[in-house]
Each structure stands twice: as structure tokens, then as C-alpha cells.
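The listed protein sequences derive, respectively, from chains S and F.
If you read the first sequence in my numbering, its first letter stands for residue 1, the second for the next number, and so on.
If you read the second sequence in my numbering, its first letter stands for residue 1001, the second for the next number, and so on.
FYI, nobody ran anything at the bench for these hints, they're computed from the structure.
Each hint should be verified, as a subset may be incorrect.
Said to hold, decoys possible - For the chain S half of the interface with chain F, some residues (derived, Cβ under 10 Å), not all of them:
id, residue
1, L438
2, R439
3, A444
4, S449
5, E454
6, E458
7, A475
8, L486
Because the structure is a prediction, the values reported are computed rather than measured.
C-beta atoms are modelled at their ideal positions from N, C-alpha and C, and glycine is treated no differently.
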Amino acid sequence: MADGTTTDAAVLQPNLALVLERITDGFFALDADWRIAYMNAEARRLLHVESDPIGRVWLEAFPKARGRLFEREYSRAMREQTPVQFVEYSATAECWFEVKAYPSADGLSVYFRDVSSRIEAQREVERNARRQRAIIDFGRSVLGGLSFEELLADAIDLLRDVLEAPIVEIYSYDRLRGRLVASGVVGWNPGASLDAFAPELDHLEHALRTGEPFVSGDLRVDPRARRMPELMSNGVRACICALVGTPADPKGMIVVYATTSRTFAVGDVRFVESLAQTIAEASSSIESSRRMRQVVETVRDGFVSFDRDLRITYANERFARFWGRTPETMIGESIAIHTDPLGDTGGRVYRALLETLQSQQSATIETQYRDRWHELRMYPFSDGVAAYVRDITRRKTEEQRIRDLNAELEARVAERTKQLQLANKELESFSYSVSHDLRAPLRAIDGFSQALVEDYGEQLDERAQNYLDRVRKAAQRMASLIDALLQLAKVARAAVTYTRVDLTAIARSFAEELHDRDPERRVEFAIEPALVALGEPNLLRAVLENLMGNAWKFTRKTENPRISVGRTDAGGEFFVRDNGAGFDMAYGNKLFGAFQRLHANEEFEGTGIGLATVARIVHRHGGTIRAEGETGKGATFYFSLPHRPDGVE
Amino acid sequence: MKPYILLVEDNEDDIELTQRAFDKNHIINEVVVLRDGAEACDFLFGDRGGRSLPQVILLDLKLPKISGLEVLEKIRASEDTHLIPTVILTSSKQEEDLLEGYRLGVNSYVRKPVDFNEFVEAVRQVGLYWLVLNEAPPQGIHI
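Next comes chain S alone, as it looks inside the complex (with noise of 0.2 Å):
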């Protein structure tokens, strides 16, 4: 090395002043006064010297270096005459060196070379260990049940001390609004104009719209801050900024501003963006169970939490109400204090609850406890098992109150099918007798007086032998008026089931059989065709005889008889029409009942029961009946039978 005192390149040895401005290493040497003897071009490159600093006082050339570990490090080296080794950040240089140092009696040699870029990459390093730390110190305080304003509070001093960045704004979105409104700011000096908060700033828009953060390493020159002088003047020149939720669900915005422009790594963004997440998350996970618990303190029902060894871990006012206390005061306490696990009832809750427990599956159980009744749904419920207690007192009381409705109306119910299948079995007994018992005398009048007219009838005369006619005659009238009030009754009790009756079949072969009957009358029949109704077929058969009969009879003394039956266009009723006898409307309403007739038996024999009949059969159905008459000109009896057999009887 140099002598030191008058040291410059000149009195080095051309060799050494050769290697020296060879070596790829920055290299200076200083004499004992601190002046610069030598420095090489590495050396002056780095430390951008441009004017020759030969001779000048280090600390005069490099004021920056004050203070610094340059300077306390070479003063040791000298002082000490120990060599000395350190990595520091260059202000001069604006980059860091590692700095190697040799102290000689007259000076120091100094070699250094620039290491910013590794010295970056460990910092980076430690930068995200450091962000990684915050991210999970973070979660564990989302975790650890911190109020959202202590959330963000927390956030914030995480921001600035990850990032170095002195302002830090965390907004909240009004949903109402539809704008950001600042919930967080740190960083801003007393008296900064209000205005940069405006949330219609580029930075913010854009954050909020395409949900891509914002960053910017120098706001002076992104073209995409065009609106933000505000900001400008207060002295920012970076930023990050990251929306909190997702543009159609936007829950706020993180805002990192820093003072100098600067590179912000992909690891910073990531982390705004990481933080924001998280925020998001603990919003929508406080807010819903926010509002859980908000129900659940506001629910008419109790609700009660157990931990694993079924103690109490929560109790809303209803659950403590129950038992006369305070929530808070139940908190802690066991099961076994509430219901008597080797109780009836108590038994039932708690196998109910360790079974819910283990089976983690859900279970209702319903417990009466003094004069209430409990409705108990189980859930397995974060570490152990909820309740969800509900008064069914009334339900429990109302459903009794139904049984014992059902019960008494089954009795009575029972009670008339009982009187009714006695009537019903007296009438049948009581028609049984009327076709055995009333017929058997009215044959014994027919029989005896034939064989009276038979075996003495020479002994008669004339007359005698009239009146034993008559008797005959009354007898057998007698016979079928029997026969017709059995068929009233016997259509009274049939059951009605519902098939397609086809009546225009029924028509043509009733029609038939009344021209074989009495082949010598000539009837014009006018059947229409598809005539088709539900019922029963054998009374709709009835009714149609009755009818066809009737017209039959009631025609036989007309000119050109004609019987049309058929339906109308208008209602769909059906109908049998006639020209005969007809009847005169001003006794209508006596055709449908039982025995009420309208024409002399001598002029037109009959019972007097088949319409009453055919109404009856009508009725079953759930149809009606009329009639359209004029002496002399004829009747059109109508019925209708429902489409579908509804609301019959």
C-alpha cells in the first residue's frame, strides 16, 4: 500500500495502480487524515463522483456517509487497526454495498461493491415472512372474536408496518348510498383537505370496479390518476388499493398511500389483497352471526348451547327465563344441575343430547315439564350440541282438545250409524214382511176367489160372479202397488256407484220391449243417439222405463203417437217427450209424489209411485227433475245427472 501522505496514483506502483483499477470491486484508499489518496473508476462510478476527489476529505466528498456505518466502521478500523466488514445502504450511491476495509498505520483501504440486488432479495425475504406472520396474526384476531372496528384497527397498524407505508385508509361501502365512506385513516397530517377522501377518485373507482387493485409507484406519472391532485398536494405519490369484497358485492376499500414513489413488490400487493380477503370474510362471518345472534336473543323460543361435557356455554333470555335466572349466570353450568339425568324426563334430555353429541346427527324430542310442553331440537353445534327449546304447550293442548273432539264426534258418529243401521235394519225387516206377509193373503183373496168362480160358479150368477172379479182385481192392484213401494224403498237404500250408463241403448231396447208387449200400437220412437250419463245402470235404467212407460201409457189414446227422447241443447238435460194425455201445470208439483196421480185409474191404470220413483233416483244422483205438460197436448218430463259425480250424497 501507499506511503499515505502525498498518495495519489502517481506515486502508487504502476502494478498495483494496474490490479487496483482491474479489480471489479469499487476501491478508495484514505491517509491518515481522512483525505482520499486514491480511487478507482469502479469506485467513482458507484459513488457517481464526476469532479477528481483526490485529496478532498472523505466526509466533505461523501456527506451523507455522516453518521453512518461508513463512517463509525472506518473510524473503528483505524482506531482499533482491526479490518472491518459491513453491508449499508448508500444514500450517496442510493444502493447498498458490502463494504470491506483494511487499516494501514498511514490510512485505510477500502474495497466495496454494490449487493443491492441480493441485499433486495433478503429483504424481500424477510418481508414476507414478515407479511406472512401479520396475514396470520390477522386470522387468528378475525378468529379470536375482535370487534370489526377492532378488526380494522388492526388492520391498519398491520398496513403501515408491513408496507412502511405512513397513510393508511380503510373505507367501508354503504350499501344504502352506494358509495365508500371512510371508516379508517391513519397517516394524514391534522389539516389535510377532507376532499381527498372523495371516493370518486380514479384510484378508488377503479378498485371498486373491476376488483382488480389499483397500484401505482408514481401517481405523478400514471396516466390513470388523472383526478387526484388532492391527493398530490398532501404529499402522496404511491399507492395500493384493494376493494374489500367483490364488485357486486362490495363490503369496502384498503387504501396504502406512501410519500415517495416507489416499486411496491408483487408480495406487498398480495398482501393488501390477502388482508382485504380476510376482512371480507370476517364482515360477512361478524355480520351473520351478528345477526344469528340477534335472532336468537329476539326468538320467542329458548336457546341453549353445550360444550362436549354438556355444560352451558350459551343461553339466550328466553332458556335462562325458564329457570328464573340470567343468562350470564348459566353460563358454566352442567346439564345435570337442569334436568335429573336418572329422571323421566330429564333422562329422555340428556340421552337426547349425548346422542346428538356423539351421532352428530340432529333430534327432536318433546318433554312435558310441570304443566308445559317442550318442543327440544338438538343440533350438533360447533364442538358440542345446541337446543332449540320451544313452548308447545298450546299445540300439545289444542291437539288434545282435537283428539277429544275426534274421540266424542267417532262416538257420536257411532252412535247414529248405530241408530241408523237399526232404522235401517227395521226397514229392511219391515219391507221383508211387507213382500212375504202382505202378499200371502192378497194370493190367498186372488186364489180362493178364482177357485170360487172354478168349482161354483154355476151356483153364481152374473153379479156374484162381477164382485168376485173386482176382488181379484183390488188384489192384484194391491200386489204391485207393494211391488212399487218396495222398488221406492229399495232405490231409497241402494248405494249409487258412478259408471258410463249408455241411455240411448236402454231407450231402444225398453222401446222394443213395449212394442212387443203390445205389438198392435203403433208408437213413433225418436231416440237420439250417444246419449250418455254417469250413474248407476240399474236405477238410470228405472228411470228411463218409468218414463218410456208412462209416455207408452199416456199415448195410447192419440192420434199419430210419438215418444222422442233425447237431450237439450241448452242445459244437458236429458229428456222423454210425449204427445198423449199430457197434464195441466196447475197440478205439477203432485207428480213426484208417492200415490199422487193425476188421471182416473179407469182412464190410465198406474200406481202413482214411479215417478216418485224416478225423482228419488234423480236426487240420489245429485240431479233434478221437472215436468212440462199441457192437457190434451202431451208432457216432457226433464232431468239432469251431474257430469262428475261431486257433491253427491
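With chain S held as given, fit chain F onto it using these hints.
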């Protein structure tokens, strides 16, 4: 012994009229009359006084003691009598009786008409069919 008709009937008028109807139709087979269901059973399944089984049984339904349908059931249940042609001859044409009669295996169900002429005609047809046209089962002939 000639084939005979067993008439189970409690109404004296009907007995007389039925007999008269047989006569008018020149059915000369003996008619044995029993006046209630118990008597009929005793006769058919017990002491017949040396008689064989009847060629045909005419059975009223409404009988004292044991009803006609019960008698019919016993007739059909017994090995000796189950093949004897049995005709229900009654006033009723109640559907239940008809169904029950046929279910128990009656051969015919005849309702006694009130009109005596019609009654004579019915008896004629029953007699013609069961006594003349119908071939009785082998064990029914105990001559």
C-alpha cells in the same frame, strides 16, 4: 213307492192353493207337506216313516223355527240329500234372498204370483220341468 213332492210351507192358504195348482196341472204325484223348517229337517235327515227321499223339494223361505235358507243349507250339506232338486217357492223376491238362495245351491227360485192364474202357470212349469223333463240324479230315485 211313487216319487213324491215335498212341500215345506207354513201358510195353510198357500198349501191349499199350491195343491190346487198341482191338481189343475194334473200333477198327480203325492205332495207331502211339512209346516216348518224343523219338521222338514227331522223328516229329511231322520224318520221318514219308511219313505224314500222326495223327487223335488218346494221350499218356502219364511218358515217357523228353522228358516227356508237354513233348511236349504242343511240339504246341500248332507251326503244323502245334497243332490235333491230343490226349488224355492216364496212370496219375496228380495235380492238378498235370491243371492243367498243361489249361493247355497238352489236349483230354481220361483216367486209366487198374487194372480192365481199366473201361480197355476208357475207351478205347471216347475212341475213340468222338475218332475217330467229333468232326469233326476241316480241316488235321488229311491223307488
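Exercise. Can R439(S) be said to touch chain F, with a Cβ gap under 10 Å?
Worked result: The hint holds - R439(S) has a Cβ within 10 Å of chain F, the shortest such distance being about 4 Å.
For this session: Have a go at the S449(S) hint: is there a Cβ in chain F nearer than 10 Å to its own Cβ?
Result: holds, 8 Å
Exercise. Holds or violated: is the Cβ of L438(S) closer than 10 Å to a Cβ in chain F?
Worked result: Where the cut-off is 10 Å and the nearest Cβ of chain F is about 9 Å from L438(S), the hint holds.
For this session: Grab the minimum C-beta distance from E458(S) to chain F and call the hint holds if it beats 10 Å, violated otherwise.
Result: violated, 18 Å
Problem set entry | Interface hint compliance - E454(S) to chain F, C-beta minimum distance less than 10 Å | Constraint on E454(S) satisfied, holds at 8 Å.
Problem set entry | Minimum beta-carbon distance criterion (10 Å), L486(S) to chain F | Nearest chain F Cβ about 8 Å off; hint holds.
Problem set entry | Cut-off 10 Å, beta-carbon criterion: hint that A475(S) touches chain F | This interface hint holds because 6 Å falls under the 10 Å limit.
Problem set entry | Cut-off 10 Å, beta-carbon criterion: hint that A444(S) touches chain F | holds, 4 Å
Hint violations for this structure: number 6 only, all remaining hints satisfied.
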